[in-house]
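Student: Keeping their order, the protein sequence lines are chains H and Y.
Here the first sequence is numbered in our numbering, starting from -6 and rising by one per residue.
Here the second sequence is numbered in our numbering, starting from 2 and rising by one per residue.
In case anyone wonders, no lab produced these hints; they're calculated from the structure.
One should not assume that every hint holds.
Said to hold, decoys possible - Pairs of lysine-lysine, DSBU-like flavour, derived with a Cα cap of 30 Å:
| id | chain 1 | residue 1 | chain 2 | residue 2 |
| --- | --- | --- | --- | --- |
| 1 | H | K502 | Y | K5 |
| 2 | Y | K165 | Y | K91 |
| 3 | H | K519 | Y | K91 |
| 4 | Y | K89 | Y | K165 |
| 5 | H | K486 | H | K270 |
| 6 | Y | K89 | Y | K5 |
| 7 | H | K482 | H | K416 |
| 8 | H | K10 | Y | K5 |
| 9 | Y | K5 | H | K186 |
| 10 | H | K270 | H | K519 |
| 11 | H | K519 | H | K186 |
| 12 | Y | K86 | Y | K131 |
Residue strings, one per chain:
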Amino acid sequence: MSEHVATHDDHDHGPEKGLMRWVRTTNHKDIGTLYLLFSLLMFLIGGAMAMVIRLELFQPGMQFVDPQFFNSMTTMHALIMVFGAVMPAFVGLANWLVPMMIGAPDMALPRMNNWSFWILPFGFAMLLSTLFMEGGAPAAGWTMYPPLVLQTQDAFPFLIFTVHILGLSSIMGAINIVATILNMRAPGMSLMKMPLFVWTWFITAYLLIAVMPVFAGAVTMLLTDQYFGTSFFDAAGGGDPVLFQHVFWFFGHPEVYIMILPAFGIVSAIVPTFARKPLFGYSSMVYATASIAFLSFIVWAHHMFTVGMPVAGELFFMYATMLIAVPTGVKVFNWVSTMWRGSMTFETPMLFALGFIILFTIGGFSGLMLAITPVDFQYHDTYFVVAHFHYVLVSGAIFSIMAAAYYWLPKWTGNMYDERLGKIHFWLSTIFVNVLFFPQHFLGLAGMPRRIPDYSLQFADWNMVSSIGGFAFGLTQLLFCYIVYKTIKGGQKATDRVWEGATGLEFEKLSSPPPYHSFTEAPQVK
Amino acid sequence: MTRKQELRSSNRRVVLMTGAAVVLMFGFGFAMVPLYDVFCQVTGFGGRALQSTATAPARIDEDREITVEFVASVGKHAYMEFRPKVAKMKIRPGQYVQTSFFATNLNRTPITGRAIYNVAPAEGSLYFHKTECFCFTEQAFKAGEEREMPLVFSISPDVPDNIKTISLSYTFYDKTANNQVAQLTTQGE
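Chain H with its partners taken away, still in its complex shape (with noise of 0.2 Å):
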C-alpha cells in the first residue's frame, strides 16, 4: 500500500488547458462527458429526421419528401438512435460512474477509453456523409435485409464500415468495463455488494462482446455478396436470404437488451433514493438481469415469424419470448415494492423514473401480443410494432437516460439543476410521448404498414395527433438541452450527498464535482 501511495504523488494535477485536452484525455470523466455530448448530439440528429418522418407522415399523400428520401430517413433515423445515441449514452454514463461507483480511480485500460470513443465520430461522419452521395442514403432499413439493401448504390461500402467502426468502439467499451468491474474494486465491494447499476452494465458488457462480432461478420457477408461474388443470401448462388435475418437478429435481439438493462440498473439507482427505502430484493434483480440476458439468446426468430418456420420452431420462440415477461416482472414489482410506504418525494429524476416503469411496462405488454405467433401474422410490419419499440426505447431507455442526467448531473458539476424546468421537460416528455406513440398502436391494428412515405386516407386522423406529438416531444428536448447548459454554466451549489436519501460511494465519499482524479487511494467498502 506505501508503495502505491509514493508513486501516486501527483495525484491533484488538473485537466490539461485548451481543446487538445479532449483529443488526449484518457480520464473516464473527461471520457464520460465526451459520450454523453455526443450522443446529445446524435439525438438531435436523429430527432431531426424522425421529424421529417413525422411531416411527411402529417398527412396522406406525398407532401415533402420523395419515398427514397423517405426510407433513407427510416433507416437513418434508426441507426443515429441506437448506435448514436442510446448506446454511448449509457458507455458515457458508464465511463462516469462505474469507477465512481466500484472506488476506483479511472477506468481499467484508459489509451483503450479514448480511442473507443473517438473512432465514433468518424464512423458517424462516414455514415452522415452518404445522405449527399448519389443514389443517397442507405434505404433499406437499419435492419440491412438482402436483397433489399444490396441495391443501396454508392453509400453501401460506407454502411458496412460504419458498422465495423461502431462495432469496434461498443466491443473496445465493453472489454473496458468488463477489466474494470472485474480487477478495479475497492477493497471490501464484493460482486454482490455492487450498485445494480455496475451489475447490469457488466451483464451488458458480456452480450456486447457475444453479439457485436456477429453483427460484424453478417455485414462482412453482405459486402462480400456484393462486391467479391460469394453467395452466403444471394439465392442464385444458392444462399439463402432468410440466413441473414436469422445472423441479424441472433445480433438483433440482445441487441435490444443491450439497450435496457443499463436502464433497470439507472431505475434502481434512483427509486431507492427518492423513496428513501433500500431496493426491495436486490440479488433478485441481479439473477433477473442475468436470466434476462440469457434468455435473449433464444428468442431471436420472434422478429420473423411470417418468413416461415416449422410450426415446432414458431412455438418455441413464442414461448421462450414470453418467459421474459417474468424476469422482467421480478424488476418492475421489486421497484413497486421498493415505493412501498416508502417516504416518497417527486424530483425530476425520480418523475423520469416513474414515468419510465409505467410506460416502459406498456411497451412490454405490447411486446408480448407481439410474441403470440397467430396475432403477430397480423401485426408484422405495422405501426403496432412501431409503436412497441418507441415505449421501450423512447419512453423506456431514453426516459432512463433523461433520469440518470438528472439525477448524476448535479454530482458532476457541482450546480443543481432547475427543478421547475426539469418538471416542465419531465411533463411535456411524458404527455407528447404518449400523443406521439400511443396512435400508432390503433394505427397498427387497423393495419398501417411501417416504412411507407403515403397511407390510405382512414389513417388520416391519428397520423395528425400523432405527428402533433411528435413535434411538440422534438421541440421539448430543447428545453433539455437548455437545462443542461444552463447547469453546467453555474446555479444553486449542489451538497455532496446531493439528494437527502442517496447512497453510494459517489454521493458518499465523494464531492461535488468530485476531484479530477477521485479515488487514488482506494475507499474501504464495510
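Guided by the hints, dock chain Y onto chain H, whose structure is given.
Tutor: Here is chain Y on its own, set in the frame of chain H:
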C-alpha cells in the same frame, strides 16, 4: 509483485479472454452458414429436396397417388424462356419418374445461368429425392440456344398421408445479366 503489476497482469488476462471471445463469436457468425444448411436438411426448412444417388427404393406404394407440380420461372433480369415439359403429373410414392425442363437463351449473346429449386410444402422436401438434376451447376448457353434439361426423381414411400401435392419450383438466374443491369441502374439513377 506490487499492486500495480498485479493489476496490469489481471487486466491483460481479461483483455485476452474477452478478445478471444470476440474472435470466437465473429467466427460463430460465419459458422451459422453451414449450421443453417444442416438445420435445413434435417427439418426440410427452406424446401431443399434431398440430392441422392440411392438405388431404387424397395417398394412402390400402389395405394397412394401424389400430384407433383412443376413450376419454372426466371430470375430478375434474366432474358430467358424456361418451362417444364409437363405442368403436373400423378405418381406413386417410390416410383422413379423422368421429366425435363426446357430453357432457351433469348439473348443475342452467350450467357451463364444457374437454376435453383425449392420444394413446397417444406415438409415434403424431406421425402423428395432427386437422382439427376441440373440445379446449382453453372450452365453456359450460346446465343439463342435451347436446351432440354432432364430430371429424375422419386418420392419416398414414407411420405405422410397429409401430403397430397408437392410442388417443385425452379428459378433460372442469369449470372451474367445481373452485373450488367446493376451497372445500368447505377448509371441511370
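Student: Compare the structure with each hint and give your call.
Tutor: To see whether the hints hold, each was checked on the structure:
1. H:K502 x Y:K5: holds (23 Å)
2. Y:K165 x Y:K91: Since the Cα atoms of K165 (chain Y) and K91 (chain Y) sit roughly 10 Å apart, the hinted pair holds (cutoff 30 Å).
3. H:K519 x Y:K91: Violated. K519 (chain H) to K91 (chain Y) sits at ~81 Å, over the 30 Å cutoff.
4. Y:K89 x Y:K165: holds (13 Å)
5. H:K486 x H:K270: OK: K486 (chain H) and K270 (chain H) at ~25 Å, within 30 Å.
6. Y:K89 x Y:K5: Violated - the C-alpha atoms of K5 (chain Y) and K89 (chain Y) are around 78 Å apart, more than 30 Å.
7. H:K482 x H:K416: With Cα atoms ~20 Å apart, K482 (chain H) and K416 (chain H) stay inside 30 Å; holds.
8. H:K10 x Y:K5: holds (28 Å)
9. Y:K5 x H:K186: The given pair, whose Cα atoms are some 24 Å apart, holds under the 30 Å limit.
10. H:K270 x H:K519: With a Cα-Cα distance of about 19 Å, the restraint between K270 (chain H) and K519 (chain H) holds, given a limit of 30 Å.
11. H:K519 x H:K186: Given that 30 Å is the threshold and the Cα spacing comes to 9 Å, the pair holds.
12. Y:K86 x Y:K131: holds (17 Å)
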